Amino acid sequence: MIEMKVVSKRFGKINPLSIDSYIKSEGYQALEKAVSLHPTKIIEEIEKSKIRGRGGAGFPAHIKVRALSQESGQKFIVCNADEGEPGNFKDRMLMENDPHAILEGMIIIAYATGADRGYIYIRGEYQNAIKIMRATIKSAEENRFLGNNILDRGFNFNIEIRSGAGSYVCGEEFSMIESIEGKPGRSRTKPPFPTEKGIHNKPTLINNVETFANFPHIILNGGAKFAKIGTPSSTGTKLISLSGNVKNKGLYEVPFGTSIRDVIFTLGKGVKNNRAIKMVQLGGASGPIIPEYMLDMSIDFDRFETFDSKTGTGAIIVIDDRFDIFDILLINMKFFVYQSCGKCTPCREGHTQIVNLINKFINHRASEKDLMSLENLANVIQQTSLCGLGQTSMTSIISSLRYFRDDFFAKVRY
Amino acid sequence: MVNFKINNVEITAEDNTTILQAARKYHIDIPTLCNYPDLSIKSECRVCVVELQGQKKLFTSCSTIAREGMVVNTNSPKVLNARKTILELILANHDANCTACPKNLNCELQTLANKLGIDKNRFPTVLEVKPIDNSNPVLVRNINRCIKCGRCIDVCKNVQSMSVLDIMGRSKDAEITPAFGKYLSDESCTYCGQCSSVCPVGAIIEKDDTDQVWEALNNPNLHVIVQVAPAVRVSLGEELGMGPGSIVTEKIVSALKYLGFDAVYDTDFTADLTIIEEGNELIDRITNGGTLPMMTSCCPGWINFAEQRYPEILDHISSCKSPQQMFGALAKSYYPEKMNMDPSDVFVVSIMPCTAKKYEAQRKEMRIDNVNPDVDVVLTTRELGKMIRQMGINFENIQEVPFDKPFGITTGAAAIFGASGGVMEAALRTVYEVVNKEELVDINFASVRGLEGIKEAEVELGGQKVKVAVAHTLANAKILCEQVKAGTSPYTFIEIMTCPGGCIGGGGQPYGTTTEIREKRIAAIYQVDQDMAIRKSHENPDIKALYDEYLEKPLGQKSHHLLHTHYHSRNK
Numbered sequence: 001m002i003e004m005k006v007v008s009k010r011f012g013k014i015n016p017l018s019i020d021s022y023i024k025s026e027g028y029q030a031l032e033k034a035v036s037l038h039p040t041k042i043i044e045e046i047e048k049s050k051i052r053g054r055g056g057a058g059f060p061a062h063i064k065v066r067a068l069s070q071e072s073g074q075k076f077i078v079c080n081a082d083e084g085e086p087g088n089f090k091d092r093m094l095m096e097n098d099p100h101a102i103l104e105g106m107i108i109i110a111y112a113t114g115a116d117r118g119y120i121y122i123r124g125e126y127q128n129a130i131k132i133m134r135a136t137i138k139s140a141e142e143n144r145f146l147g148n149n150i151l152d153r154g155f156n157f158n159i160e161i162r163s164g165a166g167s168y169v170c171g172e173e174f175s176m177i178e179s180i181e182g183k184p185g186r187s188r189t190k191p192p193f194p195t196e197k198g199i200h201n202k203p204t205l206i207n208n209v210e211t212f213a214n215f216p217h218i219i220l221n222g223g224a225k226f227a228k229i230g231t232p233s234s235t236g237t238k239l240i241s242l243s244g245n246v247k248n249k250g251l252y253e254v255p256f257g258t259s260i261r262d263v264i265f266t267l268g269k270g271v272k273n274n275r276a277i278k279m280v281q282l283g284g285a286s287g288p289i290i291p292e293y294m295l296d297m298s299i300d301f302d303r304f305e306t307f308d309s310k311t312g313t314g315a316i317i318v319i320d321d322r323f324d325i326f327d328i329l330l331i332n333m334k335f336f337v338y339q340s341c342g343k344c345t346p347c348r349e350g351h352t353q354i355v356n357l358i359n360k361f362i363n364h365r366a367s368e369k370d371l372m373s374l375e376n377l378a379n380v381i382q383q384t385s386l387c388g389l390g391q392t393s394m395t396s397i398i399s400s401l402r403y404f405r406d407d408f409f410a411k412v413r414y
Numbered sequence: 001m002v003n004f005k006i007n008n009v010e011i012t013a014e015d016n017t018t019i020l021q022a023a024r025k026y027h028i029d030i031p032t033l034c035n036y037p038d039l040s041i042k043s044e045c046r047v048c049v050v051e052l053q054g055q056k057k058l059f060t061s062c063s064t065i066a067r068e069g070m071v072v073n074t075n076s077p078k079v080l081n082a083r084k085t086i087l088e089l090i091l092a093n094h095d096a097n098c099t100a101c102p103k104n105l106n107c108e109l110q111t112l113a114n115k116l117g118i119d120k121n122r123f124p125t126v127l128e129v130k131p132i133d134n135s136n137p138v139l140v141r142n143i144n145r146c147i148k149c150g151r152c153i154d155v156c157k158n159v160q161s162m163s164v165l166d167i168m169g170r171s172k173d174a175e176i177t178p179a180f181g182k183y184l185s186d187e188s189c190t191y192c193g194q195c196s197s198v199c200p201v202g203a204i205i206e207k208d209d210t211d212q213v214w215e216a217l218n219n220p221n222l223h224v225i226v227q228v229a230p231a232v233r234v235s236l237g238e239e240l241g242m243g244p245g246s247i248v249t250e251k252i253v254s255a256l257k258y259l260g261f262d263a264v265y266d267t268d269f270t271a272d273l274t275i276i277e278e279g280n281e282l283i284d285r286i287t288n289g290g291t292l293p294m295m296t297s298c299c300p301g302w303i304n305f306a307e308q309r310y311p312e313i314l315d316h317i318s319s320c321k322s323p324q325q326m327f328g329a330l331a332k333s334y335y336p337e338k339m340n341m342d343p344s345d346v347f348v349v350s351i352m353p354c355t356a357k358k359y360e361a362q363r364k365e366m367r368i369d370n371v372n373p374d375v376d377v378v379l380t381t382r383e384l385g386k387m388i389r390q391m392g393i394n395f396e397n398i399q400e401v402p403f404d405k406p407f408g409i410t411t412g413a414a415a416i417f418g419a420s421g422g423v424m425e426a427a428l429r430t431v432y433e434v435v436n437k438e439e440l441v442d443i444n445f446a447s448v449r450g451l452e453g454i455k456e457a458e459v460e461l462g463g464q465k466v467k468v469a470v471a472h473t474l475a476n477a478k479i480l481c482e483q484v485k486a487g488t489s490p491y492t493f494i495e496i497m498t499c500p501g502g503c504i505g506g507g508g509q510p511y512g513t514t515t516e517i518r519e520k521r522i523a524a525i526y527q528v529d530q531d532m533a534i535r536k537s538h539e540n541p542d543i544k545a546l547y548d549e550y551l552e553k554p555l556g557q558k559s560h561h562l563l564h565t566h567y568h569s570r571n572k
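Residue numbers (my numbering), protein chains in the order written: chain G, 1 to 414; chain H, 1 to 572.
Read the hints as simulated data drawn from the structure, not as lab findings.
Note that this is a predicted model, so its numbers are computed, not measured.
The beta-carbon is built from N, C-alpha and C at its ideal position, and this holds for glycine as well.
Careful, some of the hints might be misleading.
[As the list claims (entries may be wrong)] Coverage of chain H stretches by chain G, computed from C-beta distances (three or more under 8 angstroms per stretch; other residues unrestricted): (1) 38-46; (2) 119-127; (3) 242-250.
[What the hints assert, rightly or not] Okay, derived cross-link-like pairs now, DSSO-like style, lysine-lysine, Cα gap no bigger than 27 angstroms in a straight line: (4) K50/G / K225/G; (5) K78/H / K25/H; (6) K56/H / K334/G; (7) K78/H / K202/G.
[Unchecked claim] Examples of chain H residues lying across from chain G (beta carbon under 7 angstroms, computed): (8) V49; (9) Q53; (10) R67; (11) L89; (12) I90; (13) N93; (14) A96; (15) N97; (16) A174.
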């Protein structure tokens with residue numbers, strides 16, 4: 001068994017719309033335990049667990065939680081459920097199958113940091129998840145896990161749902177904050193970081209759905225026990241959204257350290273019609289593209305950073321040998337042309353030029369100079385963009401240029 | 001204090017200093033584009049990126065705070081390449097037909113491209129040509145030149161509190177536009193022109209009216225006269241290559257004569273006249289229980305703002321026309337009568353630091369014959385600079401000649417109209433002496449001078465203490481207007497100017513206006529005042545003569561007809 005169910009352990013076993021069903025399955029026990037502890041103790045447990053953010057960047061969770069706890073005055077907690085990265089569906093599955101676990105994680109962090117207001121920012125396309133989370137908030141309020149004077153412990157925490165209108169960049173922290181404030185989703189200059197000046201310039205902690213869903217397990221079972229799962233640098237489990245040309249597409253939960261090959265072949269049962277794998281894109285449109293011979297690589301934050309990318313969202317997109325690299329790059333780059341917010345130059349202007357260059361390769365009109373231009377522009381967009389969008393959008397190009405360089409030369413017209 | 005290195009130079013900087021600020025202190029040049037000295041940090045253009053040792057990413061120096069031990073490289077091959085690439089990307093989506101652009105040789109993008117040695121572009125143009133927006137009475141918006149730096153949004157939103165412009169659409173469709181992307185005229189634009197003043201390229205510029213002036217000058221049947229606003233004498237030199245704050249009053253007269261104007265007059269004269277009328281109006285309002293606080297009326301941007309945003313308080317605004325329009329009214333009545341001419345043969349041009357003055361001159365109320373505008377054409381300081389350049393005049397070395405008569409004598413009080421607080425000070429010099437019937441010992445009201453947003457002073461008038469206030473920028477005006485609207489304003493008299501620093505910082509002034517330059521122009525304006533023989537409007541003998549000869553008395557019937565106006569709610 002390479003699967004290990006921690007955050008997905010209740011999937012299919014409870015009625016997600018029933019709080020009683022959740023409570024019978026250890027639900028809200030972590031919260032009960034948390035409120036009996038001093039807030040600093042909770043942060044210590046999170047630190048011991050060594051859990052890193054599950055939204056993609058893999059930032060150590062305790063640093064942000066502690067930073068927020070040290071701020072005073074009005075503070076906000078945001079659950080990032082704007083799962084816009086193509087190939088990802090883990091957050092939707094979490095919301096639809098175990099919604100109370102997400103709330104419980106948020107409430108624990110609210111208690112630990114003294115934040116009294118929270119938002120769940122759910123992708124507009126996820127109408128079902130929005131409905132479920134609304135109902136979940138309501139039942140949690142009715143059962144005094146949310147609202148004022150939670151569990152008679154004298155602390156208040158209220159959660160509102162916010163929803164985007166189809167903008168990918170709203171998954172980026174500051175764009176999401178702008179969107180929550182009612183403005184168009186465009187990033188801000190950093191620093192200050194959200195934990196210093198976020199929503200309405202008040203300290204704000206933003207975590208991914210999966211990160212929040214992990215906190216109850218950490219509190220209930222202890223950080224040290226959690227840290228034993230996975231690898232030393234990447235503890236716990238990871239939800240994997242497996243898609244593309246693979247037989248058993250779907251969501252799987254594996255401990256960090258599992259190899260990509262195991263996920264594709266053991267869990268996904270390999271490629272349809274047993275075709276060869278041409279490439280695998282990791283993380284989504286903003287992730288690296290790797291060749292078949294690299295599939296023994298393990299799922300691990302540090303390993304992923306070798307691609308100059310921080311791609312821990314956990315998507316694995318399998319692409320068989322009927323496709324060539326430019327098919328995929330064009331899809332990715334057109335996506336970014338559409339999704340750039342238009343605020344900073346490299347991202348606004350750069351993606352259009354990247355698409356032009358890719359098209360030149362596709363049409364066999366590219367020269368060696370164009371290859372240099374493509375490589376240069378991809379690097380500049382990555383190095384100089386304002387927010388995570390432009391800083392990661394070039395990962396597929398840069399990794400392709402590394403692992404599929406011959407494919408580029410094959411298209412160059414001499 | 002932090003110690004760090006830029007290009008191997010040891011730098012010591014205050015805490016919370018950006019890399020860019022620190023570099024500039026040490027004369028290390030880092031190119032910038034969206035950055036503008038008085039506006040917020042946007043870090044959008046990404047031109048100012050630098051390399052930090054140990055970091056793969058590049059960092060914008062405008063927004064990155066210098067930290068102890070940092071090792072910064074502003075010119076590494078990686079930085080130079082990124083900067084060049086970014087500029088090429090901008091140029092590939094920019095109407096770069098430079099010789100057909102009014103900002104040619106005055107364009108920050110062009111200068112930067114030249115500086116970075118961009119002589120070809122690796123990227124093909126992706127510009128989708130869009131129509132030019134000519135709907136606004138004073139400004140032309142050419143989106144094809146816009147590089148989305150966001151300065152105009154910033155100045156309109158944060159300095160003027162208007163938010164007429166914002167970014168619309170995303171990715172390559174992102175555009176800086178008024179609502180729905182088409183017409184700047186649809187918006188409550190006050191025509192202040194600050195957007196045109198900060199635009200690094202030629203995307204927003206004032207309407208060019210120089211052709212109309214050339215045509216008039218070449219028409220032998222017209223008697224073409226020109227008036228020059230107070231603030232222009234301390235800024236035109238800058239437009240023509242002299243240092244900021246150069247006083248060029250009589251050089252302007254000389255250049256205008258060279259251009260072919262039949263007579264050259266000083267708006268300072270009607271500024272003095274404004275003080276007499278407005279001062280008497282204030283005294284009248286105080287003594288006869290009129291609406292108080294009274295607010296000044298010489299700034300057309302402010303009038304547009306009040307008419308649109310604060311129609312409830314229009315009664316508070318002085319009924320006096322602005323000095324420009326008082327001049328226009330006299331130029332089409334008293335002047336032709338005195339010179340024995342037909343008023344329709346007199347063509348009046350004004351040189352203003354302002355774009356909103358173009359609109360003011362077009363207002364229906366500003367036509368004493370109800371048909372023809374009193375002021376025919378308004379040119380900005382920049383447009384006059386253009387005409388002088390066209391004629392190849394060596395401005396710096398031109399001989400100096402005085403203004404023409406009959407409006408020849410002016411006072412220091414009129415000159416300071418050009419700076420925020422100047423109208424207030426000029427009014428106080430007169431009102432104090434008229435009401436208190438004693439000589440003002442110290443005529444300098446230092447508390448209303450300078451660049452603080454809202455300034456206050458207290459004066460004794462007729463045995464009672466009276467509070468006055470001065471605001472510049474519409475964001476500050478809004479604060480005082482809210483008080484007036486709520487009936488809680490503690491003031492008796494309020495001066496409002498739309499542009500930062502007053503007219504010296506006007507929307508039609510030379511490009512590149514910053515706080516530092518504003519201060520130099522302000523210093524020059526007070527120098528002009530200091531050097532004048534007469535420094536109080538009511539002591540101007542030509543003004544006295546004008547009343548004796550023609551107007552009879554302040555607030556009299558003739559004054560009322562020629563020199564006063566009324567305002568309309570335009571709260572659409």
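Hints, one by one, checked against the model:
no. : hint           : result
1   : 38-46          : holds (count 6)
2   : 119-127        : holds (count 4)
3   : 242-250        : violated (count 0)
4   : K50/G / K225/G : holds (11 angstroms)
5   : K78/H / K25/H  : holds (24 angstroms)
6   : K56/H / K334/G : holds (26 angstroms)
7   : K78/H / K202/G : violated (36 angstroms)
8   : V49            : holds (5 angstroms)
9   : Q53            : violated (15 angstroms)
10  : R67            : violated (11 angstroms)
11  : L89            : holds (4 angstroms)
12  : I90            : holds (6 angstroms)
13  : N93            : holds (5 angstroms)
14  : A96            : violated (14 angstroms)
15  : N97            : violated (19 angstroms)
16  : A174           : holds (3 angstroms)
Consistency note: the structure conflicts with the earlier hints numbered 3, 7, 9, 10, 14, 15.
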